[in-house]
Amino acid sequence: MIQEELPEELQEVLGELINIAFGSATATIADLFDNFATLHVPAISFVALDELDTFIFQDFNLQDVYTTTQQFKGRFQGEVVFAMDRHSARNMQRIIFADEGPGSQEILDDDELKQSILEISNILGSSCIGKLAELLGTNVTFAPPSIEFADTLTQERRALSYRHIIVISTVLDFKDMEVAGKLFIMFTDEMFNWLHTALNNYLENI
Amino acid sequence: MKILIVDDSKLSRLTILKRIPAAIKESAEIFQGANGLEAVALYKEHRPDIVFLDLTMPEMDGFEALQLIRDFDQNSWVHIVTADIQAKSQEKVLGMGAISVEAKPIAEKRLAEIFAALP
Amino acid sequence: MFDEKSILNTIENGILIVDPDLKIIFWNRWLALQTGISRQEAEGRLLSDLFPETGFNLLKRKVKIALKLGSSTFTSSSVEKYIIPIKLQQITKSTFNHMRQEVVISPLSEERASIIIYDNTALLEAKAVIDENLQIMEKQATTDTLTGCYNRKMFNDLLSAEVKKADRHSKIFSLIIFDIDNFKSVNDTYGHLAGDDVLIEIGGLTKAIIRQSDYFARWGGEEFAVLLPETTLQGAALLAEKIRAGIMSHRFAEIGNLTCSFGVAQFVPDEAKDTLISNADWALYHAKNNGKNQVAVFENSEIRTWYRPDSH
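Residue numbers (our numbering), protein chains in the order written: chain A, 1 to 206; chain B, 1 to 119; chain C, 1 to 312.
If you're looking for bench data, these hints aren't it; they were derived computationally from the structure.
Keep in mind that the hints are not guaranteed to be accurate.
[Claimed, not checked] With a Cα cut of at most 20 Å, we get these calculated SDA-like pairs of lysine to any residue:
1. Lys131(A) to Gln71(A)
2. Lys60(C) to Asp34(A)
3. Lys88(B) to Asp31(A)
4. Lys25(B) to His46(B)
5. Lys114(A) to Ile147(A)
6. Lys68(C) to Ala43(A)
7. Lys64(C) to Leu46(C)
8. Lys207(C) to Asn151(C)
9. Lys10(B) to Ala43(A)
10. Lys131(A) to Leu146(C)
11. Lys18(B) to Asp31(A)
12. Lys5(C) to Asn151(C)
Construct all of the structure, not just a fragment, from the sequences and the given hints.
Encoded structure:
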C-alpha cells in the first residue's frame, strides 16, 4: 500500500500537489457558477482496494450514496471514482441550476440530480487529475464518466489490477451550503512506480 | 532585505525559498511562518520588505492575516501565493491591498519579476 | 491530397462546431441527413432557432464548462436521452421516439467547442431487452412456477436474512411449515392435474390469509412454509390456525374437502437456521402422527398440540 511504499517526503509532495490541483478544481466550479467557496486543505489518505467499501460507507449511507467513475489515459493513467451523498448532490444541483432562471430550482428531478453528480465529478476529476498530471509534467485525456451503484463498485474493480488508491476528501464549502465528497484515484503497480519517479523528479527540481 | 514567507506547507515555503533569485537570497534575511498568527507577529517584529502569504492556513487564515498586516502597515508589500485561484478570492485580497495573487507553484521567472518590481 | 474537413462529412456521427451561444459554425453531412437541415441552412444560426421546441440550457452549460475546464465534458444517453432532437423513422420500430445520444463536447479554442454526437439507440434498445429478460429470469429463479409463491431456494435466502437480522438487531420471528393431509390419495384418485389444482388453490387461500409482511413459499411437493417477521410463537400459531380453518372450510372442485397439518416454531437467538426448520418440522411430524388437521407448536424443547378441532 502507498502509505508504506511511498516515503514520507514524497507523500508530502503528493499532498501539496493535490492541494494545488483541488484549489484549481474549486476555482473552476466556483467561477463557472459565479459562486465562492472557502478553500480547505483536502485530507488525503491511502487505502487498499479491500478497504474501499469500508472507506466509502463509513461516511455515507448505503441508500444515499452516488458514485461515478471516469477513466483517464496517458502516461499517467487509472480511474477516478467520486462518491457523494444525496444531500451534497442536492446542494450541487442548486448551485448548478441557480443561474438558469426562476423556477428551475424547484424541478429537483432524478435525472437532473444525476446530471449534477456527473457534472461535478467530471469537473472535479478532470481538473484535479488534469492539474496533477500537468504539475508532474504530463497530460491526460478522459473517458466519459458514468454513474454506478456503490455496491458493485469494488466488486468490478477487483477484476482490474488496481492496487493503489489515493483518497481525497473534498469539501466545497460554499457560502450557505456544503458539497462534500470523496475522490478516489485508483491505479496499478506500474503507475505507482511512475508516480514515485515523477514525485521524486518534482522534489529534486523545486 | 527582509523577506517573510508564510505557508503551513513546508514544501510550499521551500518552493518559494529555492526559487528566489540567488543574488537577492545572498544578502537577504529570510523569516518563515506557518500560519496567519505567526505571519502577523513576524511582520510586526521584523517589518519585512516583502511578504509571500498563503491563504489556506490553520489557526488564522491568510485573509485575516493580510487584513491585520495592512491595518498595521499601510505600506506593506504582500504577495499572495495560493492554491485558491477563485476569481472572487483574487478580487477580495487585491481589494484589501495585496500587490498580486500568484497561483501555486510560483515559477522562478515570476519571482524574479516580483523582486525586480520592488520599490 | 484531400481537404481534412471533408473527413468530418464521411463520419457516421454528428459533428458540429459552436460558439458559447451555440451559434453553429460547422454542421456535418450526417447531421444534415438526420435532421433534414442542410449545412447552408444551419451554419451561422443558433441551435435554438433550428429547434425552437428543445431546451439547450444543459448543452450551453456543458460548452461553457468545457471551454473553462480546457477538457471534454459529456452527456450520457442513459440520463439526458438526447441533445439534438432527431425523430426516429417508423420503419425502425424503435421503442424510443427520438434517437438516444451520447455526446462529447470538447474545447477547440477559447470561443469554439466541437460537439460529437453518437447514436446510442440500438445499444439502449438492446439493453432494454436484456433488462426485461433479466427481470423475468430473476422472477423465475425465485418463484415456484406452479403456485406463483416463492420457491425453496428463495425462501432459504429470506430465512437466512431474517436470522441475520434477528441476531444483529435482536428481532424475533417465527416459522410455519404445513403439509396437505393424504395428498397421495388425491393424486392417485383424481390424477396429477387435479393434484396441481389443489396446490394452486391452497396457495391462493394461504396468500389471502397471511399478512403483507409474511413470506410464503412452496417448500417441497405438498409442503408449504410461511416466514413471519416480528411475530411470536403465539401469533404464528394463531395464523396457522386461521389457515387451517380456511382450508378445511374450502370446497375443492371434484375432490370436496381437504385438510392440512401445521408445525410452528419461533426463532431462538443464536440458534442455527436449520435448527429452526427442524423444530418446525418436528412439530409438523407430531401434528401428523397425532391425527392430522391440527396445529402443533415447538416450545422450550417440547412439542404440544395447539389446536385440534375434535379436542373442543
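Outcome of the hint check:
no. : hint                   : in the structure
1   : Lys131(A) to Gln71(A)  : 15 Å, holds
2   : Lys60(C) to Asp34(A)   : 15 Å, holds
3   : Lys88(B) to Asp31(A)   : 8 Å, holds
4   : Lys25(B) to His46(B)   : 17 Å, holds
5   : Lys114(A) to Ile147(A) : 8 Å, holds
6   : Lys68(C) to Ala43(A)   : 26 Å, violated
7   : Lys64(C) to Leu46(C)   : 16 Å, holds
8   : Lys207(C) to Asn151(C) : 14 Å, holds
9   : Lys10(B) to Ala43(A)   : 16 Å, holds
10  : Lys131(A) to Leu146(C) : 61 Å, violated
11  : Lys18(B) to Asp31(A)   : 32 Å, violated
12  : Lys5(C) to Asn151(C)   : 62 Å, violated
In summary, the numbered hints that this structure violates are 6, 10, 11 and 12.
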